[in-house]
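Asks: Listed below are the residues making up each chain.
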Amino acid sequence: MSVLTDTTSRSATISVLVENEAGVLARVIGLFSGRGYNIDSLTVAPVEDGHHRSRINIVTSGTSMIIEQIKAQLDRLVPVHRLADLTKDGPHIAREMALIKIITSTSEKRTEALRMANAFNARVVDATVESFVFELTGGTEKMDAFVELMRPLGLAEISRTGIVAIARGTRVI
Amino acid sequence: MTQETERSSNQETTLQSGAEILLRALKEQGVDLVFGFPGGSVLPIYDALYQQNAIRHILVRHEQAAVHAAEGYARSTGKVGVVLVTSGPGATNAVTGLVDALLDSVPVVCLTGQVPTHLIGNDAFQEADTTGITRPATKHNYLVKKTENLARIIHEAFYVARSGRPGPVVVDLPKDVLIGNATYTPPPPADTPHRSYRPHTEPDAALIARAIAILKAAKRPLIYSGGGVVNAGFAACEALGRFVQKTGIPCTNTLMGLGSFPATDPHFLGMVGMHGTYEANLAMHGCDVMVALGARFDDRVTGRINAFSPDSTKIQIDIDPSSINKNVAVDLPIIADAGRALAALLAAWDADPQTQDRNALAAWWRQIDTWRSIDCLRFKQSQERGAVIKPQYAIQRLYELAQQDGRDVYYTTEVGQHQMWAAQFFKLNRSHHWITSGGLGTMGFGLPAAMGVQLAHPDALVVDIAGDGSILMNIQEMATLAQYRLPVKVFILNNQYLGMVRQWQELLHGSRYSETHSEALPDFVKLADSFHGVGLRAASVDQLDDVIRAMLASDRAVIADIAVEQEENCFPMIPSGAAHNEMLLGPEHEQHAAGITDEGLVLV
Numbered sequence: 001m002s003v004l005t006d007t008t009s010r011s012a013t014i015s016v017l018v019e020n021e022a023g024v025l026a027r028v029i030g031l032f033s034g035r036g037y038n039i040d041s042l043t044v045a046p047v048e049d050g051h052h053r054s055r056i057n058i059v060t061s062g063t064s065m066i067i068e069q070i071k072a073q074l075d076r077l078v079p080v081h082r083l084a085d086l087t088k089d090g091p092h093i094a095r096e097m098a099l100i101k102i103i104t105s106t107s108e109k110r111t112e113a114l115r116m117a118n119a120f121n122a123r124v125v126d127a128t129v130e131s132f133v134f135e136l137t138g139g140t141e142k143m144d145a146f147v148e149l150m151r152p153l154g155l156a157e158i159s160r161t162g163i164v165a166i167a168r169g170t171r172v173i
Numbered sequence: 174m175t176q177e178t179e180r181s182s183n184q185e186t187t188l189q190s191g192a193e194i195l196l197r198a199l200k201e202q203g204v205d206l207v208f209g210f211p212g213g214s215v216l217p218i219y220d221a222l223y224q225q226n227a228i229r230h231i232l233v234r235h236e237q238a239a240v241h242a243a244e245g246y247a248r249s250t251g252k253v254g255v256v257l258v259t260s261g262p263g264a265t266n267a268v269t270g271l272v273d274a275l276l277d278s279v280p281v282v283c284l285t286g287q288v289p290t291h292l293i294g295n296d297a298f299q300e301a302d303t304t305g306i307t308r309p310a311t312k313h314n315y316l317v318k319k320t321e322n323l324a325r326i327i328h329e330a331f332y333v334a335r336s337g338r339p340g341p342v343v344v345d346l347p348k349d350v351l352i353g354n355a356t357y358t359p360p361p362p363a364d365t366p367h368r369s370y371r372p373h374t375e376p377d378a379a380l381i382a383r384a385i386a387i388l389k390a391a392k393r394p395l396i397y398s399g400g401g402v403v404n405a406g407f408a409a410c411e412a413l414g415r416f417v418q419k420t421g422i423p424c425t426n427t428l429m430g431l432g433s434f435p436a437t438d439p440h441f442l443g444m445v446g447m448h449g450t451y452e453a454n455l456a457m458h459g460c461d462v463m464v465a466l467g468a469r470f471d472d473r474v475t476g477r478i479n480a481f482s483p484d485s486t487k488i489q490i491d492i493d494p495s496s497i498n499k500n501v502a503v504d505l506p507i508i509a510d511a512g513r514a515l516a517a518l519l520a521a522w523d524a525d526p527q528t529q530d531r532n533a534l535a536a537w538w539r540q541i542d543t544w545r546s547i548d549c550l551r552f553k554q555s556q557e558r559g560a561v562i563k564p565q566y567a568i569q570r571l572y573e574l575a576q577q578d579g580r581d582v583y584y585t586t587e588v589g590q591h592q593m594w595a596a597q598f599f600k601l602n603r604s605h606h607w608i609t610s611g612g613l614g615t616m617g618f619g620l621p622a623a624m625g626v627q628l629a630h631p632d633a634l635v636v637d638i639a640g641d642g643s644i645l646m647n648i649q650e651m652a653t654l655a656q657y658r659l660p661v662k663v664f665i666l667n668n669q670y671l672g673m674v675r676q677w678q679e680l681l682h683g684s685r686y687s688e689t690h691s692e693a694l695p696d697f698v699k700l701a702d703s704f705h706g707v708g709l710r711a712a713s714v715d716q717l718d719d720v721i722r723a724m725l726a727s728d729r730a731v732i733a734d735i736a737v738e739q740e741e742n743c744f745p746m747i748p749s750g751a752a753h754n755e756m757l758l759g760p761e762h763e764q765h766a767a768g769i770t771d772e773g774l775v776l777v
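Protein chains in written order, with the working numbering: chain A, 1 to 173; chain B, 174 to 777.
Simulated from the structure, these hints should not be mistaken for laboratory data. In this text the structure is predicted, and so the values were computed from the model without any measurement. Cβ atoms here follow ideal geometry from the backbone N, Cα and C, with glycine treated the same way. Among these hints, one or two may not hold up.
Taking beta-carbon pairs under 7 Å as the criterion, some of the chain B residues facing chain A (in silico) [claimed, not checked]:
(1) 219
(2) 304
(3) 308
(4) 309
(5) 313
(6) 333
(7) 369
(8) 494
(9) 495
Counterexamples of contact, computed for chain A against chain B with all Cβ distances above 10 Å [as the list claims (entries may be wrong)]:
(10) 76
(11) 81
(12) 85
(13) 88
(14) 93
(15) 95
(16) 101
(17) 115
(18) 120
(19) 130
(20) 147
(21) 149
(22) 153
(23) 156
(24) 162
(25) 168
Turn these sequences into a full structure, and let the hints guide you.
Replies: In structure tokens form, the structure reads like this:
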């Protein structure tokens, strides 16, 4: 009947607007580790008020009860201004950026990598005779798909930002 | 901002040292007492303390005790308790007290010294990452990096500690910040909202109306109230009493809520939970509407969660949204201060046109009375000369004789069997007079807490109910009692065991008493004497009353060492992993504990 009896797990993208003070990120991360919640992705950067406020985007997963607990626990932290459960509240956009390095001197592989990069709208941001660095933005699935395609083509290193997210339409945090 | 404060804040141009600013901010926050222990990094504060008289410093003998004393002060007055400790070990010693205050929602501001800012991170002498260590141990913490921010942060720390669900706040103070100069910042006017922390305290009227409609239609209603009502203040406890009188609904308290509703009132069912009364636990199990008021469905209360009060509609009123739907699914959550919610409930009850189902309520009371007639707290005390004292009897006689004393009586406890017996047998009629470590279960809490209570209420009778195990955990505070001439009474139920652990070993681990026998106990009479107090001992039932009377009559700190039945168990008991209706009532039920499942055994 209720949140407590529902045992199906869901993913939730939660955005939190926090006072940009020392230790605030440690406070949020400590909350997750201390209470045994999952963090699938976490991003943080100052966003407004002359760097006085930061936005933390967290992708987590759990039963509805756990997700509601996570939100309540986050909301009672003193430096937290507001939070939004983007997954629950309605349609939203979630994007991340990746820098992906492939190392290969085989010309077919280099051509194929460039062709794929073009198909995925990935930009070449660095190139040598035996390497490329691609810059790619998009949703997590697109990132994963591109990484898989690059694997046989000499994939050497991946650097990803994690999810930043925002609600569609006029809704704001 | 009023014109007057605006003018005074604008006019403030005098430079003061950080230490002076700190004391001025404390004074302005109404602080008259600080519990602390000096050290290198807080020397500037101690120097400033030396040169003033407005704030009294109480020198404890261990920093953990400073926090518990501040908790005793806070919980018996409703004010914020203040602690002052040095960096490194001073701060780490305070951590247990901070977590205790966190779990029991006690407003405490703990000022910790820190190495100068330029040495932070250098593994300097007596350096510890205090904000890192105390982050999960506090409601919030601060590291002050500039003297000009100090006053503002102190004011904010008090606001955070006492607002919403109260809790401990640490302010870490590097030594250069205390020595540096700045102008003073007065506290913001009371109506200035905090930039991010604004707890919701006013109940939603529509939800209150729904709660009243559910309660009036209820056939077997129950109020389950906890420490949140005590934290909401004296007026909230008084409103709880009026609500119960008006509605005739039975009321049970959690360990933390004891005293918030008069225990001698016939509507009171006793404490609920693992060692709660038969009638309270069966009423929790059998009710059709439950109002949880400032209570958080702790595992000590609920027992096996999937068997907890299976047929009830649950209304929960709590100031902390994270307490809702944490352990138990609630049908009607109301986020509010318990006192404001009770005022709204009282008004809405009269405004609601529906009539209460009084016939059903009368039948419910008849059912409760049959449970009561079991007399679950009964025990047999032989009155023969030389007979061994039952711990329950010692507690009962202490309560009865203290009642006759005439003074206002405050009780603190340590943690274990003695604590549960005290919770069962004291008929606490007044809030803020029962100070025990609930959530964290901190042995060694009671003596320093009693110290704080006695300082806040110099003319009151303050008794620490202790066990022979717990009392040794902060026994050094006997010296503090002596220094400040605090006539705290320590009443030790001495069974020469860590009794509660021994009881679990008996019931769940085949009576293998692993490390629970108290070997080499001190002579508590001599110990009291060496700490400039009075030591008394009762070895048999015929000596008990005389010892209690002598203890109450003394104007000094007293340790009364009461030798009690060594293997007495605390009943009723809901074994771990069992439901409320699977309670063990006494030794005759003990064999049922053997049926505890592995799943139950995992629980503590």
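Asks: Could you run down the list of hints and mark each one as holding or not?
Replies: Results for each hint:
1. 219: 27 Å, violated
2. 304: 6 Å, holds
3. 308: 6 Å, holds
4. 309: 5 Å, holds
5. 313: Holds, about 4 Å.
6. 333: 6 Å, holds
7. 369: Interface hint status for residue 369/B: holds (5 Å vs cutoff 7 Å).
8. 494: 5 Å, holds
9. 495: With a closest approach of 4 Å, the residue 495/B hint holds.
10. 76: The assertion about residue 76/A is violated, with a minimum of 6 Å to chain B.
11. 81: 5 Å, violated
12. 85: 14 Å, holds
13. 88: 15 Å, holds
14. 93: 26 Å, holds
15. 95: 27 Å, holds
16. 101: Label holds. Min Cβ-Cβ 34 Å, cutoff 10 Å.
17. 115: Correct as stated: the minimum Cβ-Cβ distance to chain B is 50 Å, above 10 Å.
18. 120: For residue 120/A, whose nearest Cβ neighbour in chain B is about 40 Å away, the distance exceeds 10 Å, so it holds.
19. 130: 42 Å, holds
20. 147: With a cut-off of 10 Å, residue 147/A remains clear of chain B, as the shortest Cβ separation is near 35 Å.
21. 149: 43 Å, holds
22. 153: Holds: least Cβ distance 44 Å, greater than 10 Å.
23. 156: 35 Å, holds
24. 162: 23 Å, holds
25. 168: At about 26 Å from chain B, residue 168/A clears the 10 Å cut-off, so the statement holds.
The structure does not agree with the numbered hints 1, 10 and 11 stated previously, though it agrees with the rest.
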